[in-house]
Amino acid sequence: MANNTTSIWRLPVFWKLLKNSFRRLQRNNPLRMAGATAFFTTFALPPILILIFQLFSIFFARKIVGRELRELLTATLGNEGAEQLRSTARGLRNLAQTWYMAAIGLLFLVFVATTLFKVIRGSLDDIWNIRLKRSEFVYDLKARARSLIIILMAGLLVLASAVIDVIKVFAGDYISKYWKTGGHFFTSAINEIAGVLVVTIWFVVLFKYLANGRPSWRATTAGGILTGMLFYIGKSVLTTLIGNGNIGLVYGAGAAIVLVLLFVFYSSFILYFGASFVKEFSLLTNDPIIPSPKAYLFEVQHVPDEEKARS
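For the sequence shown, my numbering assigns the number 1 to the initial residue and increments by one for each residue that follows.
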């Protein structure tokens, strides 16, 4: 098995692994999966932002949490997309005027936010050829709890970037004293590395714990690194194109929501390609994805036409 793992990183083997991953993604109707994910994300993102802001404001200063979320949204979606999400989130927060309305609102936010991850979980199960034996209420609650933990981890990673910002500023100033241009290069490098690292960790955790199957840590780490790099490259390209484009002239007032959908649609493709890579990596290394006790593996086989079968 060690030899298998080593040979994967040889260029011909790795290229074949990428091609097999793309073929697996094609067989699972990626347009449908990415479209469904983008649709549910338009409703789930504002509740997710509210949950992260409200929960982490208990332990950290509200200004720090708000600033990090605002900077993340602006860097990812641009000013228009970020402002659209913030205004929607503010509207949802203003609905809670009494304690019982606040309690109902909290349950609603958790339900909507975790429903998005239920959609993603179903798509991962399809790609990994996993089915639930039967749907159970308690099992669904546990799955939603896992989704909520993954959401909270995303919040932790966002706040971790605040610590990185502090280190970056102090270290950059120190380097600039001895090398004037070195501070700029250092902060730029830290920005890029930290960005890739944060999304990679989140993808690794998502691949490992969200679906109804458990890949090995080797497979999830390899898939998380690949997905994180593709996500960060794509995000940089998209933000550049969006920033230099005139999408507002085409879609008018709806341009902001179009930007959000466009970014999420692309991100969904990258996520599901990464999931396909995890599956193919597991097959190549003879380290299969283990279904949960409530699930089972299935196999899709080609059935010949009835007329050909009779002849």
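Some hints here could point you the wrong way.
Restraint ranges, calculated between C-beta atoms of paired labels, are given here [stated by the list, open to error]:
id: 1; residue 1: 196; residue 2: 74; range: 16 to 22 Å
id: 2; residue 1: 257; residue 2: 138; range: 24 to 30 Å
id: 3; residue 1: 301; residue 2: 62; range: 51 to 57 Å
id: 4; residue 1: 160; residue 2: 32; range: 46 to 52 Å
id: 5; residue 1: 55; residue 2: 296; range: 31 to 37 Å
id: 6; residue 1: 218; residue 2: 104; range: 40 to 46 Å
id: 7; residue 1: 9; residue 2: 134; range: 38 to 44 Å
id: 8; residue 1: 237; residue 2: 257; range: 16 to 22 Å
id: 9; residue 1: 290; residue 2: 23; range: 36 to 42 Å
id: 10; residue 1: 152; residue 2: 237; range: 26 to 32 Å
Calculated from the structure, these hints are not laboratory results.
Yeah, the Cβ is synthetic: ideal placement off N, Cα and C, and Gly gets one too.
The hints, checked one at a time:
1. 196 <-> 74: 16 to 22 Å: holds, 19 Å
2. 257 <-> 138: 24 to 30 Å: violated, 36 Å
3. 301 <-> 62: 51 to 57 Å: At roughly 56 Å between Cβ atoms, residue 62 and residue 301 fall inside 51 to 57 Å, so the hint holds.
4. 160 <-> 32: 46 to 52 Å: At 34 Å between Cβs, range violated.
5. 55 <-> 296: 31 to 37 Å: holds, 35 Å
6. 218 <-> 104: 40 to 46 Å: Given about 44 Å between the Cβ atoms, the range holds.
7. 9 <-> 134: 38 to 44 Å: holds, 41 Å
8. 237 <-> 257: 16 to 22 Å: holds, 21 Å
9. 290 <-> 23: 36 to 42 Å: At roughly 23 Å between Cβ atoms, residue 23 and residue 290 fall outside 36 to 42 Å, so the hint is violated.
10. 152 <-> 237: 26 to 32 Å: holds, 30 Å
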